[in-house]
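4 protein chains.
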Amino acid sequence: MRKELRIERKNKLLQAAAEVFAEKGYAGASISDVAARAGMGKGTVYGYFPSKEDLFFDVFFWYALQLMTDIHLNFFNGRLSVREACLRFTSELVERMIESIKMYPLTLEFWSAAASGGLRDRLKQAMSRMYCDYRNLIGSMIQQGIETDEFLPETDVEGLSAGIMGAIDALGLQFWMDPDFDIRGAAEQTMAAILNGISVHPETGDKG
Amino acid sequence: MRKELRIERKNKLLQAAAEVFAEKGYAGASISDVAARAGMGKGTVYGYFPSKEDLFFDVFFWYALQLMTDIHLNFFNGRLSVREACLRFTSELVERMIESIKMYPLTLEFWSAAASGGLRDRLKQAMSRMYCDYRNLIGSMIQQGIETDEFLPETDVEGLSAGIMGAIDALGLQFWMDPDFDIRGAAEQTMAAILNGISVHPETGDKG
Amino acid sequence: MRKELRIERKNKLLQAAAEVFAEKGYAGASISDVAARAGMGKGTVYGYFPSKEDLFFDVFFWYALQLMTDIHLNFFNGRLSVREACLRFTSELVERMIESIKMYPLTLEFWSAAASGGLRDRLKQAMSRMYCDYRNLIGSMIQQGIETDEFLPETDVEGLSAGIMGAIDALGLQFWMDPDFDIRGAAEQTMAAILNGISVHPETGDKG
Amino acid sequence: MRKELRIERKNKLLQAAAEVFAEKGYAGASISDVAARAGMGKGTVYGYFPSKEDLFFDVFFWYALQLMTDIHLNFFNGRLSVREACLRFTSELVERMIESIKMYPLTLEFWSAAASGGLRDRLKQAMSRMYCDYRNLIGSMIQQGIETDEFLPETDVEGLSAGIMGAIDALGLQFWMDPDFDIRGAAEQTMAAILNGISVHPETGDKG
DNA sequence: TATGAATGAGGGTTCATTCAT
DNA sequence: TATGAATGAACCCTCATTCAT
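Residue numbers (my numbering), protein chains in the order written: chain A, 507 to 714; chain B, 507 to 714; chain C, 507 to 714; chain D, 507 to 714.
Since the hints were derived computationally from the structure, they do not count as laboratory data. Among the clues, some could well be false.
Which copy is meant is left open, because identical chains are indistinguishable; a pair holds if it fits in one copy or across any two.
[Said to hold, decoys possible] Computed cross-link-like contacts, DSS-like style, restricted to lysine-lysine with a CA-CA straight-line distance of at most 30 Å:
id	residue 1	residue 2
1	Lys558	Lys630
2	Lys608	Lys530
3	Lys608	Lys518
4	Lys608	Lys516
5	Lys630	Lys516
6	Lys548	Lys608
7	Lys548	Lys558
8	Lys518	Lys558
9	Lys548	Lys509
Please take these sequences and the hints and turn them into a complete structure.
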């Protein structure tokens, strides 16, 4: 069927574009680069995406969806205490970051593109929503912890979700800048502190 | 020519460049734009900076120095408990972010430029160092807390510093994306949770 | 794309470039000028030549090859005494110069470019070789004259070839500077003197 | 006296300009380069020459005058046979070329500038006159040879002068291109052939 | 539909020239 | 008068986009 081939080629282009944008940045990447990486002709790209900007925008959604799907697929299939679930979740995010640290620059490009240029508004809004989704993911877990009396009732779900999400995100940045940075340890310790801070019965610090 | 005048003009250019780069991004900003913003001729810029890249790089240091100086000037002049000092410090950072949120895109540009392009290595290294400095700032406070028995002795100073620094940073990002985001609350709550988590005598959650 | 069309357009560009460089000089000619002269867009030029320097370099070879080909085609097809062959040859060169005197400035540009700038070494070497080829052309004729006992056996083939080649070349320069300059006469007389000077049986001066 | 200082500085500028133009070519040389080489400020140049073009034009005359003066000073002070005088003269020219081969590119720049650009007409005319002067120098010697019955009466003075002058000139070019080129031998042999060719009593070829 | 040659707008950079000191 | 900072015109080159094949 025609449709399938078209979708396949579109995905190939998105993958190629994601890689090239990650390596060279949005401005530094040319449509030629992307087409070549995808093994197609330059003009063909325009049969799938109306402009470089649109391609980049679509890469954002394609990439964000991949991440989210991975997380859902890999994570929500166990029965754990809320505390453990939180740790599992953040640790999952961190592992994903480590795996795909080569693609981290792509995220930086998204942010940069959300700050200026023709995609600014569209991208800013989309990223804002994406961040919300992640915050809500964490938020719902914290909320659950409150409801099960694991966490203190006065806990500020929204604020803390944002803080946790932000910490994980920014640890990725630091890991990207310095591969020697102990991202696993930092994430674990930060989460442990936070969870202790909001737990009704904090764990003892000694990990043995 | 008077040395002062040269310095004055150089600063004017740095200021103008910072603004233009923040508004249009590195790629979208032209030297003409910067020169016009500074009220000078295009060629004049090249009397102060050898290239657009160098200008951008210098803007980074100039901007980073400003931030650091501000923080040092505004912060280190009181006698507080370590816990309060930490809160004061992060709150200070947050206020600074709110004040200069218009310039937040500049930071995104720095990151993006550290990811690819001719400045990559130089910038990546410089940003890594800058992050280290900030982490050490927080780290030294936590260390002090441990030594004064305010914080648990088993606290992982390095990891937590990174987590705190990252959280604050990323909260800025969320605030920039969404001006309605309660960055002050999120920062405060996150810090409160963390500090509680590592405190020998956690505060009660009720703030009244 | 058809190979022929590409070659055709490349030749059109070389022709246009040769003309523009001849008229405005290398530094004074812009790629825009060349493109316009060839009836193409500015960017198209870069599809055929990677840079202005390379274009100029290729023009040199293209032009030199044209000259050499013309000479071979037009000259080597008769049975003449060596003396007459020499005269025919130089006269041929002179006629060619007169015909294409409008392009003489191009040669001056080649020399100038061989003296400084990014093409210096490449061009200097290439021109040196080209001069050698021409000298050898004349040299082989003189050598033949020696072998047929038309010319004195002690004749210095190398030195004389260079002298003859140089004289013809420089007469072109004088003709270019002053269109009233009798280049045919000067070439003929100079050659006559030289050939007489090395002939075993010099001709009488009166040509009637 | 003021006037002398001014003249001194002007000469220093001319010397510096000649060197820089020889090294970098007209287009490649900047006024800054010249000023720096002369140990002056950039603006000062404009106190002596109204424009870069004028400076270059003046360099031409200054340089041409130097050459001509040298030749007059060094040459016209002996009593020789016309034949010997001719050989002395050309050998003198050749020695001068060898001495100052480093400056040969300057001549190429003059030619190139005479071919196009704002100086074209002025320079072309000036160079044409200069060539005439040299031709007349040789021409007067040949004429003298005719009058003293050393040379054949039917000799074409004008044409031959041009040929000789051109040959010497072009041998310089070949020597510049290839330092291994035996310019002395080539000049000597070429002149010997020519002089034999027009002599009433040609010398025997064997030089012993 | 796939291709890549053609296009020209756009921008970083150089440098001759001016002018305030 | 000497200086060099300031200026902006000019140009090489890139690359997103179009379109004929």
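Could you tell me which of the numbered hints above are not met by this structure, giving the numbers in increasing order?
Every hint satisfied by this model.
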